[in-house]
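Colleague: Chain residues, written in single-letter form:
2 protein chains.
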Amino acid sequence: MLNAADTAFADKLKRAGIATRPATDHYVTEMRGNYRGLSEVVALPASTEDVSKIVRLCAEDRIGLIPFGGGTGLVAGQVSPNGPAPLILSLERMSAIRATYPEENTLIAEAGATLADIQTAAEKANGLFPLSYASQGSARIGGALSVNSGGLNVLRYGTARDLCLGVEAVLPNGDIFHGLKRLRKDNTGYDLRNLLVGSEGTLGVITAAALKLFPRPAHVATAFVAVPDPAAALRMLSLFREHTGDCVSAFELISAQSFAFLRATFPDIRLPFDETPKWSVLVELGTGPSTDAETLLVETFEKAMEANLASDARLAQSGQQRAEFWAVRETIPEANRKIGAIASHDIALPLGEVPAFLAKAGEALPALFPMRINAFGHLGDGNLHYNIFPPEGESREAYRDKAPLVTRHIHDLAVARGGTFSAEHGVGRAKIADLERYGDPAKRAAMRAIKQALDPKGIMNPGALFKS
Amino acid sequence: MLNAADTAFADKLKRAGIATRPATDHYVTEMRGNYRGLSEVVALPASTEDVSKIVRLCAEDRIGLIPFGGGTGLVAGQVSPNGPAPLILSLERMSAIRATYPEENTLIAEAGATLADIQTAAEKANGLFPLSYASQGSARIGGALSVNSGGLNVLRYGTARDLCLGVEAVLPNGDIFHGLKRLRKDNTGYDLRNLLVGSEGTLGVITAAALKLFPRPAHVATAFVAVPDPAAALRMLSLFREHTGDCVSAFELISAQSFAFLRATFPDIRLPFDETPKWSVLVELGTGPSTDAETLLVETFEKAMEANLASDARLAQSGQQRAEFWAVRETIPEANRKIGAIASHDIALPLGEVPAFLAKAGEALPALFPMRINAFGHLGDGNLHYNIFPPEGESREAYRDKAPLVTRHIHDLAVARGGTFSAEHGVGRAKIADLERYGDPAKRAAMRAIKQALDPKGIMNPGALFKS
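Heads up: the protein sequence lines correspond to chains A and B, in order. Per our numbering, the very first residue in the first sequence carries number 120; after that it's consecutive. Per our numbering, the very first residue in the second sequence carries number 120; after that it's consecutive.
Some hints could be false.
Identical chains share a label here; the pair holds if one copy fits it or two copies do between them.
Distance condition first, Cα-Cα at most 30 Å in a straight line; then the derived DSSO-like pairs of lysine-lysine [said to hold, decoys possible]: (1) Lys422 with Lys243; (2) Lys586 with Lys576; (3) Lys131 with Lys422; (4) Lys479 with Lys172; (5) Lys422 with Lys521; (6) Lys397 with Lys172; (7) Lys521 with Lys243; (8) Lys397 with Lys131.
Quick caveat, the hints were computed from the structure, so don't treat them as lab data. Values in this document were obtained by computation on a predicted structure and should not be read as measured data.
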């Protein structure tokens, strides 16, 4: 039904004044190396009007297009291994910070701005843009919004969705939705912004966003805390939230396996504990100028000790040590890639279900075949990266065929406890079967109806979210 | 195209096991007395399955239905003055708190639970449900979500939308959307929850919601602060957010006119200042156990004084005085009703545009005809209730025909500054013309396409949001 974006179409784009380039590796590979896209042509719009022009041309010729940000997505939302080859519509040239409004704690960024660019612009305006994760130097805000990415500060500040006040987007018919409002409240009809956010490029191309900033914490304190088990970690989270007046900005669970992988793959990285605890938490507080964050952290840790929720801690003694602590956390995904996972999972659970899930999965999964489990992640959000590795000394290749089995088990266990098979990475192409298995049927029917209504030709990111 | 919900249809509902009652005044009038609904029959489902049954029967017979909560809406979303008479589907019997999860800071409430019920349940679980406004004793959460209501604590905790983790809803075809997830992150397809939230009953009936709770602040401090002008108030807001580590839970602007109306209509109410300041702010801080909220408030106020952002203040000295302060704020809408507004407006502006809007409107509007302006509201959200009254001693009846003119002026001025004609009340039936005038055309087209896709028979709250 769709046609391929071939060199003839590239010529047509050029005649319409749109810059193009051939689709090099960057545009057709993804980080985990599981997919390779077929696309050959990249369009490089310089303006929202360019995007509109491209979408209209695609609609005319029934050519699929993939809105492309930093290429850091983990569910193959940005690469299409099946034809006809879609056009890559890269937002990289639209990376301006259009305006900052320091007195409002808002700014407007084009879709191609990286998270790091936006963080820097926020800092210049004496504000904080809290969306933060390992790939922030290359992840672009358009892509972040299209998958509603999360990261390290969701507990306090929310996901990409929560940080977005408004979007400008090109809809599948080429019309521009002018929704760049800097309003905290605007109840004027359907929430098209939140429909576009998280729709993974299947309903339109986000071209710019109005984003919330926050006051920068005056004081920050960071510690690694050893905990007896995940249940204790959760109770400690409650204690921290209550005792600090909800100043907890990060609460990351790390398993002993994470430290072992780091030691094996990054021998130079400095780990916080001499003797690796079975479970530990990286906790960070951000406070106003009149509250000493370190004192508050130490006081709260002492309360946790008294309640037998913690056994040991390392407080970052300097900005440099804080950076080292975070480097430990943020290097875990890289260590995982070096070890080579059989299967990676981005699950979330209701907070209260996390301990039971970890206990149950930790017991049931190794019964399937010998494996190492690395569970870590954003405990404050109930979001675990639950990854499965071959036994030490063995290669993942030998276990590749077992990936679907273990993934099925993990997703079944999570969903049975009210959890989800995709917390912050999205569905893309990699998890369509999961959406079909676990998605609410009424919701899936509504999704199909909405997709058909807004993109009747099916040109927007064909093959993502829905079977093509 | 639709048929009326008449006694024959009521009989059909009864035969299907659904309780009904005649539509008394409560169901067909609204607070401001501007609309009277034609509905004659109220259906009283006791379960989500009942709601599904009712919707299916309505779909079969092409009968419109109005999901009905507490009847406190201010835009006639709940009353249909035009025929054919829709069925009122009241959620009042579905008012259970289905479960609370103290360790997760979540609870699940049925749509008919009032905000006050939910606040109480949260308190029992040692948590805070922050959605709070004058009508909280009768407003039900289903209605609150359907208009995405706001209120007094949005600055810190967000609107109804932001407090909702998941919904259960009956879609226009009678299917139940099982979306009651207690997850902080769940990126699995289109955000049907946020599409239903704010859709004012035109896409489905919300039957229950999973809601976020927060730690209860250990200490609360509340003060009235006199400010030189709205620009100073805004700079004081920034100063408070920064200096308190973002502990500001309310920041309400009140004009001298508000105090004058209170004095005239509620002579027994105790006002904070002997000499009424032209502008004042009701500010509230909520802190954790280790921070003294009063000291923090006084310190911050002193900084505001030094910066010439404040001239005087009254700190609530006790819980009782705090309640009195809030009674002042929350009685303003009642005072307004006693005075009798010519026209009421629920506008929001980008924060930075509030002072210019107030200056411009305060100059331009009285040039239209003699009037009194009462501007007050949630300054922290850029949300003003900007209401127009006749000159002292005159009746609003004499000015009724001027309402459209002044409303047009106010909405034009707000929208020209990037603002909105409806911040927290919604569109309902009262503001459809505004949506047509000010709404983004691409968004409106998308809204129509979505409505047609999900509710092809047009039975869900016919006449709301769209011209019937």
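Colleague: Confirm or reject each hint.
Modeller: Hints and how they fare:
1. Lys422 with Lys243: Between copies only: 23 Å across, 37 Å inside.
2. Lys586 with Lys576: Classified as both; 15 Å inside a copy, 28 Å across copies.
3. Lys131 with Lys422: neither (67 Å within a copy, 62 Å between copies)
4. Lys479 with Lys172: For Lys479 and Lys172, neither the intra-copy (53 Å) nor the inter-copy (39 Å) Cα distance is at most 30 Å.
5. Lys422 with Lys521: So Lys422 and Lys521 fail the 30 Å test inside a copy (44 Å) and across (63 Å) alike.
6. Lys397 with Lys172: neither (55 Å within a copy, 52 Å between copies)
7. Lys521 with Lys243: neither (49 Å within a copy, 47 Å between copies)
8. Lys397 with Lys131: neither (59 Å within a copy, 63 Å between copies)
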